[in-house]
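Asks: Let the hints inform the model, and build the full structure from the sequences given.
Number of protein chains: 2
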Amino acid sequence: MVSNRAEALVARPPAIAAAHLRAEADPYHPARNPRGYLNLGIAENRLVWDLLAPRLRAELSPEDVRYGPLHGSTALRDVTADLLTGVWRTKVDPDHLVVVSGASAALDIIVSVLCDPGDSIVLAAPYYGALETLLTARSGARIVAAPLSSTDGFVLDARALERAVDASTRAIVLTSPCNPTGNVHAAAALRQVLAVAERHDLDVIADEIYANSAFGGDFVSVLDPRVRGGSRARLHVIWGFAKDFGLSGLKVGVLHTSDPSTLAAARALAYFAPVSTETQALLTGLLDERAWVRRFLATNRTLLADSYRHAAATLDSYAIPYLPARAGFSVWMDLRAWVREGGELLLANEILDRARVNLTPGAAFGCREPGWFRLCHTTAPELVAEGVRRIAVVLG
Amino acid sequence: MVSNRAEALVARPPAIAAAHLRAEADPYHPARNPRGYLNLGIAENRLVWDLLAPRLRAELSPEDVRYGPLHGSTALRDVTADLLTGVWRTKVDPDHLVVVSGASAALDIIVSVLCDPGDSIVLAAPYYGALETLLTARSGARIVAAPLSSTDGFVLDARALERAVDASTRAIVLTSPCNPTGNVHAAAALRQVLAVAERHDLDVIADEIYANSAFGGDFVSVLDPRVRGGSRARLHVIWGFAKDFGLSGLKVGVLHTSDPSTLAAARALAYFAPVSTETQALLTGLLDERAWVRRFLATNRTLLADSYRHAAATLDSYAIPYLPARAGFSVWMDLRAWVREGGELLLANEILDRARVNLTPGAAFGCREPGWFRLCHTTAPELVAEGVRRIAVVLG
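Chains as they are written, first to last, in the numbering used here: chain A, 1 to 396; chain B, 1 to 396.
Errors might be hidden in some of the hints.
Covered, in the sense of this in silico footprint (three residues per stretch, anywhere, with C-beta under 8 Å from a C-beta of chain B), are these stretches of chain A [as the list claims (entries may be wrong)]:
#, stretch
1, 38-46
2, 65-77
3, 102-110
4, 113-123
5, 133-139
6, 239-253
7, 262-275
Residues from chain A shown here face chain B by an in silico Cβ test under 8 Å; the list is partial [claimed, not checked]:
#, residue
8, V2
9, R5
10, A6
Just so you know, the hints here were simulated from the structure itself, not pulled from any lab data. A virtual CB, placed ideally from N, CA and C, is assigned to each residue, including glycine.
Replies: So this is what it looks like as structure tokens:
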């Protein structure tokens with residue numbers, strides 16, 4: 001006999017997590033398990049472990065295992081602010097950062113602070129699928145999707161967002177760079193989105209968790225001076241260590257907000273999603289080596305570009321179309337030509353059951369046009385090659 | 001312009017955290033800062049660092065920084081279930097454990113799963129003060145305090161709980177052993193509480209975070225076979241590493257629940273409060289050394305008993321009365337004789353301003369009788385001695 005809220009929550013588990021666990025339970029190995037699953041559904045950067053491993057060693061002191069500020073230690077917020085100052089090209093105040101257990105928690109927190117139950121959020125589609133749960137489950141807010149158009153490659157379009165705004169809208173949410181398309185948003189497009197927000201008295205939440213993972217274009221934050229416009233107090237940015245540092249398991253997310261009352265409420269909610277002081281000490285040590293961090297991020301972008309080029313070339317070799325990506329860990333495959341009666345889900349199931357490849361279908365990203373699939377390539381290239389080969393067999 | 005929910009949240013910050021930060025900002029040092037604050041308000045076990053330090057070293061593997069199950073790794077839940085099987089004297093299934101970022105988050109999660117907004121929770125008073133925020137802020141539930149009586153030393157009394165039950169009551173919450181009184185609940189008293197719950201169709205949530213910190217009496221879990229009675233599916237137990245292992249900064253809490261729908265909903269909410277895989281690896285390594293853990297917990301109980309006896313003897317030497325404690329990190333001081341017009345808060349402020357000692361007044365624990373204060377003694381004995389000396393000066 002659980003609460004109504006709990007019932008609603010269990011009714012819509014995040015699809016990506018379930019598919020991930022299924023594939024991980026029976027993983028492919030060329031010799032030991034050649035029929036096993038290839039998990040190309042999880043946006044995890046497995047290219048950088050060798051670079052990170054020697055840096056992930058912390059000598060702990062008593063302070064590292066005792067109570068600290070629950071919105072993040074001063075030391076971690078200081079070094080994170082320094083890093084983000086470079087990325088966002090604007091001076092970041094460490095006191096405007098709230099460090100919590102994951103970017104997902106950070107998104108939940110900012111939406112819970114801005115929205116009362118029933119308020120709505122406009123979200124450009126396709127979008128990171130888990131947002132459907134993250135933005136609504138605890139906050140009680142609703143999502144209104146603003147579909148972008150495949151004809152121009154799902155480019156960010158402020159007019160599409162504006163069409164979705166109604167009287168219940170409280171905020172606009174962007175992922176920038178975009179997951180799943182790999183688009184990097186131009187300053188002009190972002191400027192237009194901020195203008196829409198200003199016109200309708202809305203806040204803007206930018207999920208910039210892939211900020212340092214743009215390899216084919218210049219990332220521009222909503223806070224970047226090149227964007228201009230909009231009230232900075234109405235801009236709230238999410239970042240984290242999962243993508244740009246490949247440390248997805250550490251579950252460390254960062255919310256930046258400069259509005260005092262929003263900040264106070266976000267800090268209060270951080271009480272329910274704090275990060276281990278010991279993990280914070282580890283990350284503080286990592287970021288404190290400025291020169292190493294600069295080199296690491298540059299190397300990571302090169303590795304991502306190589307990984308993407310390999311995936312794209314493999315798809316080309318089988319004449320499978322896709323949207324060119326400029327950021328992120330995935331390629332947005334265009335399988336529209338293979339969708340028949342039964343739709344996208346049937347094709348997804350064929351790929352999962354016959355090819356034994358975990359891809360994520362576009363519906364999971366709120367994409368209205370059936371036939372788009374996200375393939376995550378940031379793993380061993382031979383796994384991507386084998387996965388694409390098997391998919392090509394199913395496509396025939 | 002934050003949501004109504006956020007406004008309500010900011011309006012009642014946890015008092016304990018604020019006082020802690022104030023005292024920590026200007027700490028006492030015998031030579032360098034003899035007028036500094038003595039922080040005897042924070043229930044943190046500083047007696048065991050030397051024992052723990054050599055054990056807190058993890059060699060990380062790639063799996064330790066990648067996505068894992070968000071309700072806790074299999075490895076950590078396995079070793080935790082083994083530990084709790086011994087403590088609770090009942091076989092614990094690792095699949096009934098949900099590991100999240102702190103016992104506070106675990107409490108929020110179980111209350112959010114059981115209660116819809118407006119439902120109420122009966123809570124024996126005095127109680128751990130932060131529960132006022134933890135149990136209500138995100139869940140929307142209300143607390144109804146069931147005052148225990150000072151005349152019998154605030155002993156757990158099922159009749160007092162039953163008197164507080166009304167039509168809106170959904171659950172009973174206990175802290176066991178009790179923080180702040182240091183009482184260890186007898187099996188018979190717990191059995192009577194379960195009978196009240198059964199009679200009124202309520203769930204029982206037991207916060208057993210001090211389970212291994214009973215030094216003057218035999219701890220009995222609500223799940224212990226000696227308690228008997230009650231439906232096990234209606235019993236939900238919280239534990240964590242903050243108290244029994246002195247690892248408060250790691251923010252690792254555990255919820256045990258065996259009801260399938262409650263468990264499913266709790267796992268879904270764990271999505272918003274996961275623990276770093278790297279911290280999980282550290283704790284898995286720690287618990288995996290069974291023989292060391294047994295010795296550590298026994299040594300910890302001895303250290304706690306010594307620390308308590310020293311604090312009690314110091315209070316005795318100044319003829320300051322207190323309730324004898326059998327568990328926990330604190331002593332429940334009886335300063336009723338010193339409360340004058342202006343009440344308990346005036347006395348608390350005098351102690352904070354003139355003695356520069358951070359004690360927590362009974363009102364922060366929902367205690368209706370003015371004049372009770374919690375003094376945390378699990379720090380260097382000379383700090384406790386200096387603090388009590390200064391308090392005695394203010395009391396005159």
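Asks: The structure should be examined with respect to each hint, and the outcome stated for every one.
Replies: The hints, checked one at a time:
no., hint, verdict
1, 38-46, "holds (count 3)"
2, 65-77, "holds (count 6)"
3, 102-110, "holds (count 4)"
4, 113-123, "holds (count 5)"
5, 133-139, "holds (count 4)"
6, 239-253, "holds (count 7)"
7, 262-275, "holds (count 10)"
8, V2, "holds (5 Å)"
9, R5, "holds (6 Å)"
10, A6, "holds (4 Å)"
When the structure is compared with the earlier hints, no violation turns up for any of them.
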